[in-house]
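Given chain A, put chain B in place with the hints provided.
Chain by chain, the residues:
2 protein chains.
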Amino acid sequence: MPSQSPVPEGARITVCEVGPRDGFQNVKPFIPTAKKIEIVNALFASGLRHMQVTSFVSPRAVPQLADAEEVLAGIDRPEGAHISALIANRRGAERAATAQVDSVHTVVSASETHNLKNVNRPIEQSLGEMEATFAVLFDAGIAIEGGIATAFGCPFEGEVPPEQVARIARRYQELGATSVGLGDTTGMATPLTVRAAIRAIREAAPGLEIHLHFHNTRGVGLACVQTGLSEGVTHYDASVGGLGGCPFAAGATGNICTEDLVYLLQESGYATGVDLDKLIAAAALTQETLGTTLPGQVLKSGPRLKRHDPELTVTAAG
Amino acid sequence: MPSQSPVPEGARITVCEVGPRDGFQNVKPFIPTAKKIEIVNALFASGLRHMQVTSFVSPRAVPQLADAEEVLAGIDRPEGAHISALIANRRGAERAATAQVDSVHTVVSASETHNLKNVNRPIEQSLGEMEATFAVLFDAGIAIEGGIATAFGCPFEGEVPPEQVARIARRYQELGATSVGLGDTTGMATPLTVRAAIRAIREAAPGLEIHLHFHNTRGVGLACVQTGLSEGVTHYDASVGGLGGCPFAAGATGNICTEDLVYLLQESGYATGVDLDKLIAAAALTQETLGTTLPGQVLKSGPRLKRHDPELTVTAAG
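Residue numbers (our numbering), protein chains in the order written: chain A, 28 to 345; chain B, 28 to 345.
These are computed hints drawn from the structure, not numbers from a lab.
Check before you lean on any hint, since a few could be wrong.
Heads up, incomplete: computed chain B residues facing chain A, CB under 10 Å, no partners named [to be verified]:
1) L154
2) G269
3) R331
Examples of chain A residues toward chain B, derived with CB under 10 Å [said to hold, decoys possible]:
4) R76
5) A167
6) P218
7) G246
8) V247
9) L288
Being a predicted model, the structure only gives us computed values, none of them experimental.
The C-beta atom is built at its ideal place from N, Cα and C for all residues, glycine as well.
Isolated chain A, as found in the complex (with noise of 0.2 Å):
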């Protein structure tokens, strides 16, 4: 088993935004153009550099995100910018290249019960039908993520082995991908798996560059972060405010909090390129614009050397 030294102290960690994409795609009703265009810009402008702006999938199945070419076309692309955007199909490949994005974001679970109920189709045929698509990023010189959805756990199967998801991660390694995005579809990774996952993948598919995306369903996908950063992973994803819900429990987290990932990271010893205030203003602004509680909680408590009035009455300490 390959071994992989922790991340060290000081380094740089890519913090992907998927909250235009990730967390608006179940928002209801239809968020104005203008509006997603106007936080895209504030996260931009906090430092975020890697970004998930938008799906290029059917309208009638994600309404949405019908406006993806809009939203491309009027947002800031600031120096650095590295816009990604999820495809589900040689379609939206094209789309994703007139757009010209930077990369795009495909998804296959690693569970057979999940992919069928998804996709209406079995593993292998959707990797397979991957070739085709990939052909038209190729040559638009689009980089591929492949997501792995179910990565950590299938709520209809339970365990996922980490032999299948090293599986699929090498066969995305085949069909052309410079990374793979391990999905925790419904927040069930947990240190330990995490930790099989990326050795498996490290052993069967070296080179390819490992990303996580970590839901916050059971507490814990922050605490799943360190464990991807003792293991010598850099890439992670999150949600500004938290945005995204679970599917399958009500009141429920989904994605991990942008602003808490960068607070944790900042406060760890990581260099992440973010204003942390910025930051906290942008999700403040998506709260607003959504007219929602957002489950952020630097969000909600402010940085940690607020300075709190000297009158508040302390009781009972502890």
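Here is chain B on its own, set in the frame of chain A:
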């Protein structure tokens, strides 16, 4: 600087439930004594064995815990149970001795401003007064956990130097405490401040046991537990359902949640002695008794391998 190995996988971790003390103390209206006893017994029935059950403080200061003696007389004390209570002075020590607790938790703040506001005297005076209090405890064979509030930062002063925390820990050790409990009073603990405090105490007070009491105010409570584990600490406080708010941030969570902590530990390969399903049941009972929604995530989402109805629709995975 003394180095310390991480806690090895498979080791037993002590989870100390503080909800009945730290959680209940700020709840209104008064929880009937019989209900308190029912919750404490449900928590013990889950396999938890360490608990801060109540406080022996002035009923005028903390009316909710005015029934300390009745609660302690009414609860089950399963084999191996280790019962603790908070005390503030010699009178509290006498009440603790009469009620036959196994240990007490005392409090002093690491920040001068916070100590003045909390108990209206300087840190040195608080520590000086402990000698007479501790004499009562020694006579009764009661162990002492020396609590240090604002150990990772003060909401009025800002950063708290780890050397100051270590100096107080050393004083506690000289006074006869066998452990110190580092309190993350307003949720300012981070991986770097936790590591610094632990290492400073190990250097200043070798042999003194370190207990960690984190809040999840900024979302990183369980990440701080992982840092504690990586520094060799095996004792963590937590509150059922995450009960206990942060005094300075509306909507922010306070104590880390016991179920989420137990879930993290078990899913990281540590032994806790706790039956998670029974613990979730105790949290549900607490939530129902208080008529509120608690912040715990595992309470909302259920155990990791809960299977879902295959008729459920899956959309937009990832």
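Consistency of the hints with the structure:
no. : hint : result
1   : L154 : violated, 15 Å
2   : G269 : holds, 9 Å
3   : R331 : holds, 5 Å
4   : R76  : violated, 21 Å
5   : A167 : violated, 22 Å
6   : P218 : holds, 4 Å
7   : G246 : holds, 4 Å
8   : V247 : holds, 5 Å
9   : L288 : holds, 8 Å
Consistency note: the structure conflicts with the earlier hints numbered 1, 4, 5.
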